[in-house]
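Hey, can you work out the whole structure from these sequences and the hints?
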Amino acid sequence: MDKSCARTVDVSEIMQAIRKLAMNTTSNVPKCAISALEDAYLREESPVGKEVIRQILENHRIAREESVPACQDTGVAMLFIEVGQDVRFTGGDLYEAINEGVRQGYIQGYLRKSIVTDPLFERVNTGDNTPAVIYTDIVPGTNIKIMFAAKGGGAENMSGLVMLPPAAGVEGVRKFVIDQVRKAGPNPCPPIVVGVGIGGTFDRVALLAKKAVIRDVGSSNPHPKYAQLERELLEEINKLGIGPQGFGGRTTALAVNIEFAPCHIASLPVACNLNCHAGPHDSILI
Amino acid sequence: MAVIKISTPLTDEVTASLKAGDNVIISGTLYTARDAAHKRLVSLIREGKELPMDIQGQIIYYVGPAPAKPGQAIGSAGPTTSYRMDSYAPILMEHGLKGMIGKGSRSESVRDAMVRHKAVYFAAIGGAGALLAKCVKASEIVAYEELGPEAIRKLTVEDFPAVVVNDTFGNDLYEQGVKEYRIETCK
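Residue numbers (this note's numbering), protein chains in the order written: chain A, 1 to 286; chain B, 1 to 187.
Treat the hints as calculated values from the structure; they're not laboratory data. Virtual Cβ for every residue (Gly too), placed ideally from N, Cα, C. Every clue listed holds true.
Computed Cβ-Cβ distance ranges for the label pairs, DEER-style: (1) Gln-228(A) - Ile-91(B): 46 to 52 Å; (2) Glu-13(B) - Ser-220(A): 53 to 59 Å; (3) Pro-222(A) - Glu-145(B): 46 to 52 Å; (4) Glu-145(B) - Asp-10(A): 37 to 43 Å; (5) Gln-56(B) - Phe-202(A): 47 to 53 Å; (6) Pro-9(B) - Lys-175(A): 46 to 52 Å.
Next up, the structure:
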């Protein structure tokens, strides 16, 4: 082994980074979401909708200033970790360290513990919000990038996935996404962020939608056709009339983000994952 | 925007005076309960046993609060999505429940039960947990502490803001709102 190009990282460093991310993320709604809400406040035509956005902005200010979670649902702890292939971990089990970071962060940060053990029969709360949902990607280099997202249950429940025939095309994707948002109505705490995955396989398309929903509000897919579809879908969703909290209005979504991947000649998988107006996420580079 | 002040327990006279779209501020007692607690409450009713709290004229708030930081009465405490309680709500109204606070649409059978039992469904702003927690002056666990955030708590609230979604006449604010602001496309 060529030790000169390897980097050694103790897993306790990962644990500490995740503890801090968990403690700080849910009280600091991303700036991109705040500025999108501020824009929506100016544009919203419904007086009730405008008042809702004002109160949401007030809530997010209180959360930031008083270091309390913007929403009581501090979610499933989701971790997307990019690990440079020249990194070597020492000091113990990486996954145990990640969960220890979540455990300490959720306890020390006074965050809600929302995870139950067995989903169907026992449903006993684990008491520390573990286990986290963890995805790792191996990338070139010696860096470690940790993205933390606290994914709330209410918006998550409104998600959906469909395996379309390729002939369904852009119209098929459009119809599925719009129907999904319409059916969700007031449930996912609009104004929402809509994450759309297109392509890949049954499992991968769901992950693409998840990555899309935690992408910054205001960012666009680098591919111009997908970026245009994002804009068109956003415009169409905001014609649905659902509005802030579903009380009626023009601001149903703050953003539509699409992520895509190559897929099989027989398939056109589409997944739609929703997030509320806060969509807490943050990342750190180690 | 006119705001109507109401306090608990709610009488039929009060619930009948509220209309979908009204802005209210609520003072008094709210009982918290979500999925797991509802399941237990309804089991108790079916077994003919007594509930851990008297729900006559009361409001149940669908919330699982975050833990209180030192100095707080309660942690962030915004509403959770209400449809998950739809299968339990009618029987509770039959036994005297007069109000529910949550977010999101209710089923037809819940809306019918509200008309029948003169009960009202209010929405609080989803995701405004930090703001809403400020209206909670005291919190104590009434039952099911082992459920953690899903335990039943008795909250004492002052001027808790909410909007009437379903009134005792069968009106629905969500349907009204979408109708008013929907833009028909040619597709």
